[in-house]
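First residue of the sequence shown: 1, per full-length UniProt numbering; consecutive thereafter.
Derived by calculation from the structure, the hints in this document are not laboratory data. Since no wrong hints were added, every one of them can be taken at face value.
Label pairs and their in silico Cβ distance ranges: (1) K39 with F271: 52 to 60 Å; (2) T532 with V512: 13 to 21 Å; (3) K241 with E332: 27 to 35 Å; (4) A374 with E459: 54 to 62 Å; (5) I185 with H269: 37 to 45 Å; (6) Q268 with E72: 19 to 27 Å; (7) H367 with P30: 44 to 52 Å; (8) D401 with A374: 29 to 37 Å.
No more than 35 Å apart at the CA atoms, straight line, and that leaves these computed lysine-lysine pairs for DSBU-like: (9) K39 with K311; (10) K168 with K39; (11) K168 with K420; (12) K417 with K241; (13) K38 with K168; (14) K440 with K337; (15) K294 with K311; (16) K94 with K39.
Quick reminder that beta carbons are idealized off the backbone N, C-alpha and C, glycines included.
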Amino acid sequence: MSLKQPKAATNATNHGQQTNTSNQNWLSSPGPYQETIKKAINLNPSLAKEDPRNIYTIPRLGNSRLVCLDLELTGAPNLDRLKQREFSNVIDLKVYLDSYHSSPLLQHRRVYIMEGLDPDFVQVIGSHFSIDPSFFLYQERHPRLEVWDRGNHRAIATPRLPSLSDPKQYVLQYPEMRNFNNELIYYRNVCARTGRPILTIGFEGRLDPISTICRKCSIWTTTHPDGSWDVIVLCDPPLQKVVEVKSSRTVKNLPGQLYQGGYLDFTQHDFSDTNIIRGPPRSGLLDDVCFYTKDLWETRRLSTALDSPIKFTVIVKKIVASEYMKLLDYFEGVVRKLRDSEWRLAGAGDYSNPKRAAAHEQWSSLHVCSHRMAEHIDDVEAILISLNISLVPPPPMDDEDWTACDRDFQYIYHRLKSLKDRTDCMVTSTIGLAGIVGNKQALREAELSLKEARRSIREAKSVKTLTVIAMFFIPLAWTSGLFSMSEQFSPGAKHFWIYFAVSIPLVLLVFVVVGLMQLGYDDSTVDWSLDTFIESFGRLRRKVVPKKDESGVSGKSTAFTSSSPMP
Numbered sequence: 001m002s003l004k005q006p007k008a009a010t011n012a013t014n015h016g017q018q019t020n021t022s023n024q025n026w027l028s029s030p031g032p033y034q035e036t037i038k039k040a041i042n043l044n045p046s047l048a049k050e051d052p053r054n055i056y057t058i059p060r061l062g063n064s065r066l067v068c069l070d071l072e073l074t075g076a077p078n079l080d081r082l083k084q085r086e087f088s089n090v091i092d093l094k095v096y097l098d099s100y101h102s103s104p105l106l107q108h109r110r111v112y113i114m115e116g117l118d119p120d121f122v123q124v125i126g127s128h129f130s131i132d133p134s135f136f137l138y139q140e141r142h143p144r145l146e147v148w149d150r151g152n153h154r155a156i157a158t159p160r161l162p163s164l165s166d167p168k169q170y171v172l173q174y175p176e177m178r179n180f181n182n183e184l185i186y187y188r189n190v191c192a193r194t195g196r197p198i199l200t201i202g203f204e205g206r207l208d209p210i211s212t213i214c215r216k217c218s219i220w221t222t223t224h225p226d227g228s229w230d231v232i233v234l235c236d237p238p239l240q241k242v243v244e245v246k247s248s249r250t251v252k253n254l255p256g257q258l259y260q261g262g263y264l265d266f267t268q269h270d271f272s273d274t275n276i277i278r279g280p281p282r283s284g285l286l287d288d289v290c291f292y293t294k295d296l297w298e299t300r301r302l303s304t305a306l307d308s309p310i311k312f313t314v315i316v317k318k319i320v321a322s323e324y325m326k327l328l329d330y331f332e333g334v335v336r337k338l339r340d341s342e343w344r345l346a347g348a349g350d351y352s353n354p355k356r357a358a359a360h361e362q363w364s365s366l367h368v369c370s371h372r373m374a375e376h377i378d379d380v381e382a383i384l385i386s387l388n389i390s391l392v393p394p395p396p397m398d399d400e401d402w403t404a405c406d407r408d409f410q411y412i413y414h415r416l417k418s419l420k421d422r423t424d425c426m427v428t429s430t431i432g433l434a435g436i437v438g439n440k441q442a443l444r445e446a447e448l449s450l451k452e453a454r455r456s457i458r459e460a461k462s463v464k465t466l467t468v469i470a471m472f473f474i475p476l477a478w479t480s481g482l483f484s485m486s487e488q489f490s491p492g493a494k495h496f497w498i499y500f501a502v503s504i505p506l507v508l509l510v511f512v513v514v515g516l517m518q519l520g521y522d523d524s525t526v527d528w529s530l531d532t533f534i535e536s537f538g539r540l541r542r543k544v545v546p547k548k549d550e551s552g553v554s555g556k557s558t559a560f561t562s563s564s565p566m567p
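Build the full structure now, drawing on both the sequences and the hints.
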């Protein structure tokens, strides 16, 4: 049965995304493992195409690092060795894997850390260890479902049933906090190498300089009959460039700085020792895992983690948990900042103050903050399910080993839920406070509108008074001007009375004409209308005429009664 491969969902021109010429090569280069992927599409249809939401400008092919940590155990601690090999091409890697051998006297326990998803490395690693293609698929998939995603473009990898979770193969999704010093202008940004989103919360009309980069780490383990084992760790490369997801797809060199210097060291140290205490480079998960492996190996604190590959992965789990602790620290500050805005919003004062208006706008950050917390809670919950860790924390134990990770992730899970509950509580109180502030502002605006209306009425009355005065003086002035042509109508002359006989009727005539013209206006319209004039004149006539008729009938009745003789 032949499978028809779907067309490429995106291209580099339209989406700023580097894709291979053939859609079949998006995960693995041509070879035996690519044929395995084609067969696995029947089991997992998501393998048919890459995620079009991963917007990256740096191609994956030829831009990956692979480091192998070889722990050789001879039984004699003095002869045990730790070798680190870095492969720059797949030819050397293939030669190394083909020469893989082990003997009863020499157990090899290898850790392969691959930074990025180079299809050539995926082909060699996947075919050599016969890995389920879903292992690489879940590492490739976009970690977030944003509001601007369209349903017909989604390529989400559906998670497995919790009952099918395998402790030998899982994915850890975690945050990496970075400070960009207000260099991020647009809300939507992604990593140029991986396409992972860079999440930012806005405060007071601008983006917060502290942002969260979504990271993924996938772990695969296997054990051999002779006691040797292999661990494969897939991780994201460090941030180098940022892509502003807009029409122009602007790429900027913005590596940023680690938030507060990065996560805290999780190993135990003897501070009475005079030797220099070293810390991880914090440049990327690959370098940090290599550092802790060497450090724990040299200090002989790694013996308990060498029994099985699952125990060795405690280094990766501790790094992920430490990154989440930085996230908790950041959200603690965000909640305190938003709580301060709530206090300012609830306090008395001038609500037209610009600072107070900015506090109103800041409340939109509450919803974004709650949304981000919910996403991180889902990520931690997925980690708990993958590692078969209970969601309910057990009672504390006095002799608990520092390598245990259960309590770490349980604490992070419940702490995030507590912060989200506090945020949701502030969201609820904000609705009431915003309503109160809105009502006060509406009342103040209504009072201002009432004052303006009263001022307009006073101005209208003043204009009316001036109009009435003008209506008196215009006929008088016109009549005076008319009779000024002859001296016989001037004051003191014989015919001066004619001036009043003409001007007074003209004044009355002007008032009558103006009054009749007012009948053509209506409250609902502004322009003068003949229909309105006729209707208003009719109503006026009906009010006046019946009174005259009733008065006349009443007079006749009175006269008839007076002339009638008394019985």
